[in-house]
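Chemist: Each chain is listed here by its residues.
2 protein chains.
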Amino acid sequence: MLVPEQILRTFTQNIFLSMGCSDAHAALAADVLLLSDLRGIDSHGVARLTGYVRLWEKKRINATPHITIVHETPTTATVDGDAGLGLVVAPFAMKLAIQKAEQYGSGWVSVRNSNHFGIAGYHALMAVEKDMIGFAMTNASPLVAPTFSNERLLGTNPMCYAFPAGNYPPVIADMATSAAANGKLEIAQRLGKQVPEGWIQDANGNYTTDPHALKNGGSLLPLGSDREHGSHKGFGLSATVDILSAVLSGANYGPWVPPFVAFLEPPTDPVGLGIGHFLGAMRVDGFRPVNEFKAHMDNWISRFKSASTIDPSQKVIIPGEPELESQAERSKNGIPLIDAVVDDLNTLATKFGIAPLAS
Amino acid sequence: MLVPEQILRTFTQNIFLSMGCSDAHAALAADVLLLSDLRGIDSHGVARLTGYVRLWEKKRINATPHITIVHETPTTATVDGDAGLGLVVAPFAMKLAIQKAEQYGSGWVSVRNSNHFGIAGYHALMAVEKDMIGFAMTNASPLVAPTFSNERLLGTNPMCYAFPAGNYPPVIADMATSAAANGKLEIAQRLGKQVPEGWIQDANGNYTTDPHALKNGGSLLPLGSDREHGSHKGFGLSATVDILSAVLSGANYGPWVPPFVAFLEPPTDPVGLGIGHFLGAMRVDGFRPVNEFKAHMDNWISRFKSASTIDPSQKVIIPGEPELESQAERSKNGIPLIDAVVDDLNTLATKFGIAPLAS
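Quick mapping for you: the protein sequence lines, in order, are chains E and G.
Using the numbering used here, the first residue of the first sequence is number 1, and each one after it goes up by one.
Using the numbering used here, the first residue of the second sequence is number 360, and each one after it goes up by one.
Any given hint might turn out to be false.
Covered stretches of chain G (chain E as the covering partner; in silico rule of three or more C-beta atoms under 8 Å from a C-beta of chain E) [to be verified]:
| no. | stretch |
| --- | --- |
| 1 | 578-592 |
| 2 | 654-661 |
In silico negatives: residues of chain E with every beta carbon more than 10 Å from chain G [stated by the list, open to error]:
| no. | residue |
| --- | --- |
| 3 | Met1 |
| 4 | Asp31 |
| 5 | Lys58 |
| 6 | Leu191 |
| 7 | Arg283 |
| 8 | Glu323 |
| 9 | Leu324 |
| 10 | Ala328 |
| 11 | Lys332 |
| 12 | Pro336 |
| 13 | Asp343 |
| 14 | Thr347 |
Quick caveat, the hints were computed from the structure, so don't treat them as lab data.
All C-beta atoms, glycine included, are put in the ideal place defined by N, C-alpha and C.
I would like the entire structure built from these sequences, with the hints used as guidance.
Modeler: Below is the structure:
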């Protein structure tokens, strides 16, 4: 089904309102999910709405959080999300980082007691809109094994760096620190397809191409896939995300991160509160005049776009470019939803007594 | 040859003094190179001394730089290294970042007009010693092709994140953003060995295991090796390093980065000054009390060290652990130098009329 953006936005907002979110929070949370769908990152958009509702039903998400700053200096802070939706907690924290950057050049906020924050790119882009460089990371439910291990100790822990440009759109490097994001695995599972070697290992630590191995004690592999190809670097990046997001803020880290799915219970021996994020903003003009920076960004982008390529039909892709193309196309033509997602959403609609997505 | 640390340190210092460096700069530059050798990163230690000298002879390194702050806010700055040794310019910038962090919680310095800065870990550790989190990155001579390209447009662009711990040593994730660092390739070249698939491609963009392919128009591959295994993420990380280090500071970026080797001339159409670095420091107590953070770091480390492993004889390695073991061992027993390096160093000794490394 192809759903116009505005219809899906209103529907999503209504679900959040039905959970008891304030108008402002419902609009913001819907905005984060919609941007993901618009940008073609289907795994992080409205397809997750049912997941958020189930966690709220289990009282693991608080629809009316009192988000507070628990510690700060002029340019750093720790925020407690009061078990709220990461979709509203992370923008609160990023706004704070931006305010600090406006005053002092940069701002950095570590967040505890939060939940899944959607796509990292949403939060980093908030800084870019102010001619700042944006950083966003989050830890996540343990699915990834460190190099040499067969134990799931890390999430797919994404990091995002976003840079404003001039005539070109911003450069946005937004990536899971695992070889493959869990969303790609879910797609393979749904289609009954095998996955490439180097994405996952089975419970014994052997490479497997079976996307269901994860359900049977297997684990995702860090970016780099094996030691020889630098999986220890993927592990190092993932560890960095975990430490900045959770050890620094007082959230749960490593294997203690509570699962996003409601059918798995959180560990009974937590080491912190909820999951953690880390957000940052730096003013470009804290380093050089904005127009100079943007002119050189354009030159950087243009040089990489015109790089010689192995296959003449496949140009070099600037980080963030495919997502922006998707956003332009889907804003115009609507957002494609697979039947399973439509069914899930309409089950929610029935539950809350709101109008279903019509077909 | 096994050379005691102090002897190699004095020798190295004397070389820098012979180039005309001040006492303080010679001691600092030697300290950076020695830490690399002590930590087992032989490719970035005294083995590079001849390279620095050759660039100085070509007047591409200034032994008596006037390092200046050209732009700043309370927590950000751009530093011009006046074509000095990166080995002294980067510590200047990191000191500035630390001062800003002491006053405002965090400090971030982008550097232009510099040269190779040794190991990123040295600079990041300066912050760790002050109970801060340290960041260090640098761009470098183009050797790496972005995903889909066969053109060398990026350096191995390392990023380093360093975190203080309590009873355990600090966690230091210090990594090239390519699948393999150039140093590993040089080792294979020297030994006449093939390298694994996924490290390099030939001039046409085909995978090759020939470590000499780089000299014949080939290129290194980003971390992830190919698109399917996330090489676009390695490219995104490398792009991030390039932008923070050079587009932000006014240094050369991408294919314009001047080569570290003296026999290759810098591009005749520079887009900035020298190479660029990016350094940062955040006070741990800007987020939570230091003792709390360190206790949780210890818990994090201890949990990952005790992870179940695929091969019982191969434990999970905490980022920074092998380097620290090497440092303990080599501080005590001396630094092993291969004959080629000893010969190079003694050629320098002859050139400058100082005592050779005796055997």
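Chemist: Of all the hints numbered above, which does this structure not satisfy? Sort the numbers upward.
Modeler: Hint 7 alone not satisfied by this model.
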